[in-house]
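Novice: Mapping the sequence shown onto the working numbering, position 220 (from 1) lands on 467, and the numbers just tick up by one.
A portion of the hints provided could be inaccurate.
[As the list claims (entries may be wrong)] Have a look at the derived ranges for each label pair, beta carbon to beta carbon:
no. : residue 1 : residue 2 : range
1   : L510      : R262      : 30 to 40 Å
2   : V372      : R262      : 22 to 32 Å
3   : E278      : V494      : 32 to 42 Å
4   : P249      : E487      : 38 to 48 Å
5   : E419      : I265      : 40 to 50 Å
6   : E419      : Q253      : 46 to 56 Å
7   : L445      : I414      : 19 to 29 Å
8   : L546      : I265      : 44 to 54 Å
9   : S486      : I371      : 17 to 27 Å
10  : V494      : I326      : 43 to 53 Å
11  : E259      : L374      : 21 to 31 Å
12  : L546      : F478      : 17 to 27 Å
13  : G451      : E278      : 17 to 27 Å
[As the list claims (entries may be wrong)] PhoX-like, lysine-lysine: derived pairs with alpha carbons at most 20 Å apart:
no. : residue 1 : residue 2
14  : K485      : K295
15  : K420      : K295
16  : K367      : K446
17  : K295      : K416
18  : K295      : K480
19  : K295      : K446
Just so you know, the hints here were simulated from the structure itself, not pulled from any lab data. Just so it is clear, CB atoms sit at the ideal spot from N, CA and C, and this is done for glycine as well.
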Amino acid sequence: MPFDIQILLDLEQIRNPIFTKIFLLMTQFGEELILLPLMCLVYWCFNKRLACFAALNFFSALLVNHVLKITFCVNRPWIRNTQLSPVPDALDSATGFSFPSGHTANAVSIYGSVLLWFRKHIWIVILNGCFILLIAFSRLYLGVHTLQDVAVSLIAGFILLFFNQWIFKRIEKNPERDRLYLGLIFALAVLCALYTILKPYPDGTQDALKADGMKTLGAMVGTVCGVYWDFRKIRFSKSEKPWINMVRFIIGLAVLLFLKPMLKSPLNQYFGLLLGSFIRYFILLFWIFGLYPFLFTLLNTARRNLNE
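Take these sequences, add in the hints, and give me the full structure.
Specialist: Following this line, the structure appears as structure tokens:
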């Protein structure tokens, strides 16, 4: 019995309803449903620089994770060994190939960003470190990833964190090179899109896996375009009044949650699954980082003009 499979079989023996509910909840903190609203909250209401740093880590982690998945094409544990029985409620978020763990990569990128940003505050470091480890362990407990899936994501995620910290500092020190950074990201997106679409896959690989990669690329390009627009033109800032920030957040998030399902069918029907997925996630992230900040900046300007 392979070592990684044996670990999952052993974890099956300690499952109970309480632990299962806890780890099903914990694993959701590594999913888009929680991470995107969290990014909106930080960007619109609290700390733009932290949100941009987290976004840099998040989308680079997604990109690396996607490239590794489609390069190695490792099947999920229960496909490799039919003795395994993953928790049924965890299967909806366990699509595509297994290696490496996307939830773990997401957790390291977002909560690791907060950990690094507030590294002088020991309680924040401990809290976010525990979050990362619990989310990583949840993937093992639920039976949807092996130890190497999670371990590689942890290692790669922390390497990316420190590398991106260096990149982020260089970007802030050399803002006049913003067009160069924008061009490099576009070139990287094109290369990754071509690799995703053109590389050979094992028989039976579904287009949904390729679509996941195109979502990542669309979101990454949408984020960069939004941040670039803000840096060049908008330069929005959070309100000094907490209630205004919360109203911004509620309205902006409601629009985001409306657009996400509403755009899916018409874009996929008109452009196809791959390009439609790219465009949809470009729009969603451009809304977060560019269009919505532009709209409430316009509103603030109009209100000031009326008061004058």
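Novice: Each hint needs a verdict: does it hold in this structure or not?
Specialist: Hints, one by one, checked against the model:
{"no.": "1", "hint": "L510 / R262: 30 to 40 Å", "in the structure": "38 Å, holds"}
{"no.": "2", "hint": "V372 / R262: 22 to 32 Å", "in the structure": "30 Å, holds"}
{"no.": "3", "hint": "E278 / V494: 32 to 42 Å", "in the structure": "26 Å, violated"}
{"no.": "4", "hint": "P249 / E487: 38 to 48 Å", "in the structure": "57 Å, violated"}
{"no.": "5", "hint": "E419 / I265: 40 to 50 Å", "in the structure": "46 Å, holds"}
{"no.": "6", "hint": "E419 / Q253: 46 to 56 Å", "in the structure": "47 Å, holds"}
{"no.": "7", "hint": "L445 / I414: 19 to 29 Å", "in the structure": "28 Å, holds"}
{"no.": "8", "hint": "L546 / I265: 44 to 54 Å", "in the structure": "47 Å, holds"}
{"no.": "9", "hint": "S486 / I371: 17 to 27 Å", "in the structure": "24 Å, holds"}
{"no.": "10", "hint": "V494 / I326: 43 to 53 Å", "in the structure": "47 Å, holds"}
{"no.": "11", "hint": "E259 / L374: 21 to 31 Å", "in the structure": "29 Å, holds"}
{"no.": "12", "hint": "L546 / F478: 17 to 27 Å", "in the structure": "20 Å, holds"}
{"no.": "13", "hint": "G451 / E278: 17 to 27 Å", "in the structure": "25 Å, holds"}
{"no.": "14", "hint": "K485 / K295", "in the structure": "9 Å, holds"}
{"no.": "15", "hint": "K420 / K295", "in the structure": "16 Å, holds"}
{"no.": "16", "hint": "K367 / K446", "in the structure": "44 Å, violated"}
{"no.": "17", "hint": "K295 / K416", "in the structure": "15 Å, holds"}
{"no.": "18", "hint": "K295 / K480", "in the structure": "15 Å, holds"}
{"no.": "19", "hint": "K295 / K446", "in the structure": "37 Å, violated"}
The structure fails hints 3, 4, 16 and 19 (numbered hints given earlier, in ascending order).
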